[in-house]
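Colleague: Letter by letter, the chains look like this.
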Amino acid sequence: NAGVTQTPKFQVLKTGQSMTLQCAQDMNHNSMYWYRQDPGMGLRLIYYSASEGTTDKGEVPNGYNVSRLNKREFSLRLESAAPSQTSVYFCASSELSGADTEAFFGQGTRLTVV
Amino acid sequence: DAKTTQPTSMDCAEGRAANLPCNHSTISGNEYVYWYRQIHSQGPQYIIHGLKNNETNEMASLIITEDRKSSTLILPHATLRDTAVYYCIVRALYGNKLVFGAGTILRVKS
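As they're listed, the protein sequences go chains A and B. Terminal number for the first sequence in my numbering: 114, no gaps in between. Terminal number for the second sequence in my numbering: 1110, no gaps in between.
Chain B with its partners taken away, still in its complex shape (with noise of 0.2 Å):
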């Protein structure tokens, strides 16, 4: 599976977008991109995947660029309880393994 770079952390202001970044140049034809969550300690929460075409779900919107290179998850209104750790994970559709990088601290302030 593709690797994939995220920025360490991020800062949003409460009820603003939240565009998170991710960066999978050596992704394959047969490879998604999904995206997890995970609030405090909890176990992740899947939010949203997509292969070439945007996804927009009730929690999020995934835009995958053309190249597909690149993605970028939007949180339209951003609250206080979307603050977690926000992971890109790159995934065959056929693949067993489901790999995590170290993710994107976002931090919705107030």
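Here chain A stands alone, though its shape is the one from the complex (with noise of 0.2 Å):
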């Protein structure tokens, strides 16, 4: 059971290049998550997809659009990079209701933006 698969695990970007960063979890649930992390801070909610089919701005969505490709898969691209983006970013899924809904986090993509 691998839970939630991030990749690349790390990027090295020039500014105004654009990349895609991948996310896929097999524990069937409906909702998926994109946070970044920048050092010595909390995690920022970008964008998050209650069920799929459907996507919702969270608090810093500025620079950034994501597709929920299937149930399984939710990516996040960024299609002309900025050195403000780089961060550590992270992905998450759970349920979308029900008691139990504890978030399940990918490892991270280490993203730097030269």
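Hints listed in this document are in silico derivations from the structure and should not be mistaken for laboratory results. These figures come from a predicted structure and were not determined experimentally. Take the hints with a grain of salt, since some may be wrong.
[To be verified] Below, simulated DSSO-like cross-link-like pairs (lysine-lysine); rule was C-alpha separation at most 30 Å, straight line:
(1) A:71 - A:57
(2) A:57 - B:1003
(3) B:1097 - A:57
(4) A:71 - B:1097
(5) A:57 - B:1069
(6) B:1052 - B:1069
(7) A:9 - B:1097
(8) B:1052 - B:1003
(9) A:14 - A:57
(10) B:1069 - B:1003
[As the list claims (entries may be wrong)] Restraint ranges, calculated between C-beta atoms of paired labels, are given here:
(11) B:1056 - A:15: 45 to 53 Å
(12) B:1015 - A:18: 44 to 52 Å
(13) A:15 - B:1011: 36 to 44 Å
All C-beta atoms in this analysis are idealised placements derived from N, C-alpha and C, irrespective of residue type, glycine included.
Since each chain comes alone in its own frame, lean on the hints to assemble the complex.
Modeller: So this is what it looks like as structure tokens:
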């Protein structure tokens, strides 16, 4: 049982380049999330998808787009990377409702924009 | 979802109980209290959650006050491996968002 898998684990981009961060979960969860974490800071929600076919903005959506490709996969795209987007990106999944709605996180993608 | 307030940092001696407080004075009736922790730069890990009754699992205990405006996470016998950032989150049972605050840095010292 892999849980939440993020690819790649590390990436260096030049300013202006684009890339897509991939996330897949095998727990049949409805909800998925993308966060960023800057050094010494807490996690900030970028986008989330409550269920397949829906996406909503979080706290810091500017400069990002997302796609909920299917129930398993939720990707995050940077169209034109900027140094301010240097961060660690975490994907998470959880059930939408019910008592057992704890979230499971991937191990992160460490992105550096130069 | 209601906002939470936690101390910035705390120290605890190894082998002693670590008591991490959280204030959530604007919590509403359908909101749960969740605790996560993040060790070094790994992805956060779920610890425990509760609505109004005290809860215990293999990792920790959660004590929620009767008025539900605050809670305490208890690690009964802290070890060096419990050094982490601990996040208290309030989330509706049917809520979609999962928003983290700054958390509490817990340092367990030998």
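Colleague: Holds or violated: residue 71 (chain A) with residue 1097 (chain B), Cα cutoff 30 Å?
Modeller: holds (17 Å)
Colleague: Quickly compare the C-alpha distance for residue 1052 (chain B) and residue 1069 (chain B) to 30 Å and report which way the hint goes.
Modeller: It holds: about 10 Å lies between the C-alpha atoms, which stays within 30 Å.
Colleague: Holds or violated: residue 1052 (chain B) and residue 1003 (chain B), Cα atoms, limit 30 Å.
Modeller: holds (17 Å)
Colleague: If you draw a straight line from the CA of residue 71 (chain A) to the CA of residue 57 (chain A), is it 30 Å or shorter?
Modeller: holds (18 Å)
Colleague: With respect to the beta-carbon atoms only, verify the hint that residue 1056 (chain B) and residue 15 (chain A) lie 45 to 53 Å apart.
Modeller: Distance hint for residue 1056 (chain B), residue 15 (chain A) holds at roughly 50 Å.
Colleague: Going straight from one Cα to the other, do residue 57 (chain A) and residue 1003 (chain B) come out at no more than 30 Å?
Modeller: holds (18 Å)
Colleague: For a C-alpha distance cap of 30 Å, please report whether residue 1069 (chain B) and residue 1003 (chain B) respect it.
Modeller: Status holds; Cα separation ~11 Å.
Colleague: Are residue 1097 (chain B) and residue 57 (chain A) close enough, with their CA atoms no more than 30 Å apart?
Modeller: holds (10 Å)
Colleague: Within 30 Å, alpha carbon to alpha carbon, are residue 14 (chain A) and residue 57 (chain A)?
Modeller: Roughly 26 Å separates the two Cα atoms, so the pair holds.
Colleague: So if I understand the rule, the pair passes when the alpha-carbon distance is 30 Å or less; does residue 9 (chain A) with residue 1097 (chain B) pass?
Modeller: With a Cα-Cα distance of about 25 Å, the restraint between residue 9 (chain A) and residue 1097 (chain B) holds, given a limit of 30 Å.
Colleague: Check the following: the C-beta atoms of residue 15 (chain A) and residue 1011 (chain B) are separated by a distance inside 36 to 44 Å.
Modeller: holds (41 Å)
Colleague: Keeping to a limit of 30 Å between CA atoms, is the pair of residue 57 (chain A) and residue 1069 (chain B) held or broken?
Modeller: Roughly 28 Å between the alpha carbons, so the hint for residue 57 (chain A) and residue 1069 (chain B) holds.
Hint compliance for this structure: no hint is broken.
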